[in-house]
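The listed protein sequences derive, respectively, from chains U and D.
Just so we're aligned: 433 in numbering that gives the first Met the number 0 is position 434 of the first sequence, and the numbers increase by one with no gaps anywhere.
Just so we're aligned: 125 in numbering that gives the first Met the number 0 is position 126 of the second sequence, and the numbers increase by one with no gaps anywhere.
If you are wondering where the hints come from, they were derived from the structure by calculation, not from laboratory data.
Worth double-checking, as some hints may not be accurate.
[As the list claims (entries may be wrong)] A few chain D residues that face chain U, going by a derived Cβ cut-off under 8 Å, partial list only:
1. 143
2. 164
3. 172
4. 181
5. 182
6. 185
7. 188
8. 190
9. 199
10. 200
[Said to hold, decoys possible] Using 27 Å as the maximum straight-line C-alpha spacing, the simulated BS3-like pairs for lysine-lysine come out as follows:
11. 375/U to 17/D
12. 17/D to 416/U
13. 389/U to 375/U
14. 469/U to 389/U
15. 165/U to 115/U
16. 416/U to 393/U
17. 57/D to 378/U
Heads up, the beta-carbon is just placed ideally off N, CA and C, and yes, glycines get one too.
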Amino acid sequence: MSLLEIENLSLTISATPILKGVDLAIAAGEVVGLVGESGSGKSMTALTIMRLLPHLARAKGRVAFDGIDILGASEDQMCALRGDDIGMVFQEPMTALNPVKTIGEQVAEGIRWHTKAGRAEAEERARKILDRVGLPEAKFPLSRYPHELSGGQRQRVVIAIACALKPKLLIADEPTTALDVVLQAQILDLLRDLVSENRMGLLLISHDLAVVTEMADRLTILRRGEVTEAGDTARTLSEQSHPYTRELALASMHVPARPKPHPAGSAKPLLEVESVGRDYPGRRKSLIRPAQPIRAVDDVSLTIEPAQSVALVGRSGCGKSTLARMILALDKPTAGTIRFRGEPITGKPESALRPARRDMQVVFQDPYGSFDPRQKVEKLVAEPLHLLEKQPTKAERREMVAHALHEVGLGPRDMDKYPHEFSGGQRQRLSIARAIITRPKLVVADEPVSALDVSIRAQILDLFAELNQKLGIAYLFITHDLTVARAMADEVLVMHEGKIVERGPAADVLDHPRSEAAQALVAAAPDLHRAIARKMQEQG
Amino acid sequence: MTMRIDLPEETIAGVLAKAFGNRSFLIGLAITLLVVAVALLSFVWTPYDVTKLVIADKTQAPSWAHWFGTDHFGRDILSMIMVGARNSIAVALVAVGIGMGIGVPLGAFAAARGGLADEALMRVNDLVFAFPALLSAIMITAIFGPGAVNAIIAIGIFNIPVFARVTRAGALAIWPREFILAARAAGKGLTRITVEHILPNIATLLLVQGTIQFALGILAEAGLSYVGLGAQPPMPSWGRMLFDAQTRMVTAPWMAIFPGMAIVITVLGLNLLGDGIADILDPKSRRRR
Chain U
0 MSLLEIENLS
10 LTISATPILK
20 GVDLAIAAGE
30 VVGLVGESGS
40 GKSMTALTIM
50 RLLPHLARAK
60 GRVAFDGIDI
70 LGASEDQMCA
80 LRGDDIGMVF
90 QEPMTALNPV
100 KTIGEQVAEG
110 IRWHTKAGRA
120 EAEERARKIL
130 DRVGLPEAKF
140 PLSRYPHELS
150 GGQRQRVVIA
160 IACALKPKLL
170 IADEPTTALD
180 VVLQAQILDL
190 LRDLVSENRM
200 GLLLISHDLA
210 VVTEMADRLT
220 ILRRGEVTEA
230 GDTARTLSEQ
240 SHPYTRELAL
250 ASMHVPARPK
260 PHPAGSAKPL
270 LEVESVGRDY
280 PGRRKSLIRP
290 AQPIRAVDDV
300 SLTIEPAQSV
310 ALVGRSGCGK
320 STLARMILAL
330 DKPTAGTIRF
340 RGEPITGKPE
350 SALRPARRDM
360 QVVFQDPYGS
370 FDPRQKVEKL
380 VAEPLHLLEK
390 QPTKAERREM
400 VAHALHEVGL
410 GPRDMDKYPH
420 EFSGGQRQRL
430 SIARAIITRP
440 KLVVADEPVS
450 ALDVSIRAQI
460 LDLFAELNQK
470 LGIAYLFITH
480 DLTVARAMAD
490 EVLVMHEGKI
500 VERGPAADVL
510 DHPRSEAAQA
520 LVAAAPDLHR
530 AIARKMQEQG
Chain D
0 MTMRIDLPEE
10 TIAGVLAKAF
20 GNRSFLIGLA
30 ITLLVVAVAL
40 LSFVWTPYDV
50 TKLVIADKTQ
60 APSWAHWFGT
70 DHFGRDILSM
80 IMVGARNSIA
90 VALVAVGIGM
100 GIGVPLGAFA
110 AARGGLADEA
120 LMRVNDLVFA
130 FPALLSAIMI
140 TAIFGPGAVN
150 AIIAIGIFNI
160 PVFARVTRAG
170 ALAIWPREFI
180 LAARAAGKGL
190 TRITVEHILP
200 NIATLLLVQG
210 TIQFALGILA
220 EAGLSYVGLG
230 AQPPMPSWGR
240 MLFDAQTRMV
250 TAPWMAIFPG
260 MAIVITVLGL
270 NLLGDGIADI
280 LDPKSRRRR
């Protein structure tokens, strides 16, 4: 008998159907991947198993865990199950931990609650499990607070909380989406080890087909609340018998058609960054000695030519976003100079920066956070227009906004909507429309697709490629996702701890990385082809 | 995966529909409108003339002739409460106006500039905040003389740090957001970003704080009048009426009960209104229902 059996599960939230007849089973020691795009009902399936659904949700069908009927269980029974027999790992390690409690307290809390263990005993067990997830007490005492840990370490704490009582089932909802590829590989390894050690069932929820393929024994693919395909990972992905499965796989590996890569050294550089550095004031360790500054960016030089596409790759915290801000003149370097079209932009007053700003725009990662929720699209997309020498009239402005929206595949009717009325992908299109409305020469894109679903990601990458061709825009892509670098960049720069450690044509760097940092990134990057091949061997 | 539920379009009709579904907003609005209506009515009509003393009718219990009774000079308490409403509202309104008019720009400026300017402004703020408001108001009215205008100024000054602080805290939470970075990348200056992006996003916060300060203003005015530093006789005010009532609590309790009730109900109404507005304008409240 399976550990978890879901049969014909249907879920509605205030009359809107969310899940329609979902079937899913997980045996002890088995990893099942639940794949789908945002809004497909993946998280709702997980919340149903935990019975943590929103108030207006009504679930029908059968959910049996270890012989217990979950949908019919009392709240007390569920409280006993949650955190003891079923553990859950969430996506955002930043918000899943309580910032005012130490990590020791947070791990011990569940142990004390469920086992009625004493303080000392619970602490001892907390110490053990934290050690197991790779946070040994010598380096990470129990008295640490979440903010003193990095994102990957925090996710380890979340896993420690979920696994402290050796649950029979672990639900991991996008456990690595907020982490860079190297951390992702480490966390996935940890989860795999915990599964085999405790014969735990693992429900791995992800939008990333490559990650799920590497991890899961079986796959369930969800689309708009319905299971489109389910079965062994290797067979499902090698045969791709369902069209939606093929669509997902193709989108995951999508490379936009681009004309010949831009020949280097052919034109006058558009952007020149010369031995730029950025120090932040460090924490004072002694009363007498001044604090050691923290060097976020260290002696970085790079050039971008017109219409060239450059990718800056590196792990989170390596200083790539700081560098981007300095290029955009939103932050001042503490050393070196940045020249845009031959003119230095460092240390200039805001008024003198206007021409440079007009030709240099930005696309951010989070399509939800990069728009003022209280303004309409017309105003949002038109924001950079005030940089123009001659202010357009209201009618001209609407015309320009309509044109920019058309270029990114949206209609003029969208002008009078608010940002919350758009999907994530559409919002990223808006973000691009805002960036190209002044016809810039350079667009800096900070993780432009990492918050998007695979199919939308493919569309946005196509859009970037198309605009590059049509308008001759040069790009600086900032990303930890090597597939983006491979798909979009002529040249790749690898950044590590504030320094550029490797540079060269994209194919060279990504296929034959020489530096240690680049090798680590390439090795950790999930790759669907490779993952399928490996699964094929395992599962025959 | 984050869960997002599509929100209904925010139209005027949508906001109105939400407003009429919100009980505390409706009750608060009704009470507030009633108080305002009574204050306005007092300009053209009151049951009795509040300046005329009729010693023969002094300290009468509530009756059909005098619904709320009369005071020790024979004045009709209902009429005095009606005229007093005018005074209370005017004082509180102008005091909130002063607080917002000066406090909001100060707080927004401190948040936008940061660094030394921020520190300096906020420490001065703390200094003003450290004085008990009523005590300092007494000090100000003691120096410049008692009267409604000085009471307004005194209460207004103590609203400034409140609004400065709320504005700064709200603005600081908005500044690091990505859309502000996008606006800066579009070359907009601090002032422009503050006006276009920061203030609209903290408007709810300020509105709610405004209703709270309005209620506190009414209380402060009552307090000042109570110690004799607010509106001067024969102009009736709620605080003044309470002061007159205190020695006659046992013999003529209605002299204290009715002005006291007027204060309590008005403050309650304003607080309910503030709560309601916060609920209606908060995008998250739509999800709760």
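Okay, the hints, checked on the actual structure:
1. 143: 42 Å, violated
2. 164: 22 Å, violated
3. 172: 13 Å, violated
4. 181: 5 Å, holds
5. 182: At 6 Å from the nearest chain U Cβ, residue 182/D passes the 8 Å test, so the hint holds.
6. 185: 4 Å, holds
7. 188: Hint on residue 188/D: holds, closest Cβ of chain U at ~6 Å, below 8 Å.
8. 190: Violated - the Cβ of residue 190/D stays beyond 8 Å from chain U, reaching only about 11 Å at its closest.
9. 199: Holds. Min distance 5 Å.
10. 200: Nearest chain U Cβ about 6 Å off; hint holds.
11. 375/U to 17/D: Holds. Residue 375/U to residue 17/D sits at ~21 Å (cutoff 27 Å).
12. 17/D to 416/U: 20 Å, holds
13. 389/U to 375/U: Given pair residue 389/U, residue 375/U holds - Cα atoms ~23 Å apart, limit 27 Å.
14. 469/U to 389/U: Holds, because 25 Å separates the two Cα atoms, which is no more than 27 Å.
15. 165/U to 115/U: 16 Å, holds
16. 416/U to 393/U: Since the Cα atoms of residue 416/U and residue 393/U sit roughly 17 Å apart, the hinted pair holds (cutoff 27 Å).
17. 57/D to 378/U: 66 Å, violated
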